[in-house]
Amino acid sequence: AQSVTQLDSQVPVFEEAPVELRCNYSSSVSVYLFWYVQYPNQGLQLLLKYLSGSTLVKGINGFEAEFNKSQTSFHLRKPSVHISDTAEYFCAVSDRTSTDKLIFGTGTRLQVFP
Amino acid sequence: EAGVAQSPRYKIIEKRQSVAFWCNPISGHATLYWYQQILGQGPKLLIQFQNNGVVDDSQLPKDRFSAERLKGVDSTLKIQPAKLEDSAVYLCASSSLQGGEQYFGPGTRLTVT
Chain A
1 AQSVTQLDSQ VPVFEEAPVE LRCNYSSSVS VYLFWYVQYP NQGLQLLLKY
51 LSGSTLVKGI NGFEAEFNKS QTSFHLRKPS VHISDTAEYF CAVSDRTSTD
101 KLIFGTGTRL QVFP
Chain B
115 EAGVAQSPRY KIIEKRQSVA FWCNPISGHA TLYWYQQILG QGPKLLIQFQ
165 NNGVVDDSQL PKDRFSAERL KGVDSTLKIQ PAKLEDSAVY LCASSSLQGG
215 EQYFGPGTRL TVT
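From first to last, the protein sequence lines stand for chains A and B. Every letter in the first sequence is one number past the one before it in my numbering, and letter 35, counting from 1, is 35. Every letter in the second sequence is one number past the one before it in my numbering, and letter 6, counting from 1, is 120.
Hints in this document: simulated from the structure, not taken from any laboratory. Remember, it's a predicted structure, so these values are computed and weren't measured experimentally. Among the hints, a few may not be true.
As a list, the in silico DSS-like pairs of lysine-lysine whose alpha-carbon atoms are at most 27 angstroms apart [what the hints assert, rightly or not]:
hint, chain 1, residue 1, chain 2, residue 2
1, B, Lys-158, B, Lys-185
2, B, Lys-129, A, Lys-101
3, A, Lys-58, A, Lys-69
4, A, Lys-69, A, Lys-49
5, B, Lys-176, B, Lys-125
6, B, Lys-158, B, Lys-197
7, B, Lys-185, A, Lys-58
8, A, Lys-101, A, Lys-49
9, B, Lys-192, A, Lys-58
10, B, Lys-185, B, Lys-129
11, B, Lys-158, A, Lys-49
12, B, Lys-125, B, Lys-197
13, B, Lys-197, A, Lys-101
14, B, Lys-197, B, Lys-176
15, A, Lys-58, B, Lys-125
16, A, Lys-101, A, Lys-69
17, B, Lys-197, B, Lys-129
18, A, Lys-101, A, Lys-58
19, B, Lys-125, B, Lys-185
20, B, Lys-185, A, Lys-49
21, B, Lys-192, B, Lys-125
22, B, Lys-125, B, Lys-158
23, A, Lys-69, B, Lys-192
24, B, Lys-129, B, Lys-158
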């Protein structure tokens, strides 16, 4: 079974500052990793995913994440945030034999201040 | 293309009442998912359909929850009778094939009083 831990429930940051949202996972098998964003009163939208290959994954809206197998982490980063990035961010994992079953973390609320 | 549609967007009921949610996936998407998102938690898969067949309902509380996708297109999720702990956002998602990217609807926020 897999599990996901998002270490920060809230991350406040000023506009144009860099941000990192942390995600650690636990699994006995190889996994796929995902980051989703949820804007207020909306469904989840896929930001990026790691399936294989390069451990640095680039996504939409200037976000990127790095897969670190030894540390079982998949932290999300953005070098300069905008007010519009204010949202809830979810890290998720699925095992490679059952890619449908996403296991989500509890989410990190990113609040960007002017 | 139109996204995943869900209705109603909000619903308030009293405990022991019944409620139903509707989802219309993206046209042509064979796989449909229902998730429950309790406040402060990530979404949890309740049930997955492939066309009109159930692929996974291992986390669906079958004593009170039911779901159907009779014609392999839209789907309904029902709770009967509702409990206070069922208060959550119910998200529907669809994908064009098993294991493909899931596209989420806006959700239905259920409050049970």
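Review point. Which of the listed hints are not met by the structure?
Key: Checked against the structure, the hints that fail are numbers 2, 7, 9, 10, 15, 20 and 23, while the rest are satisfied.
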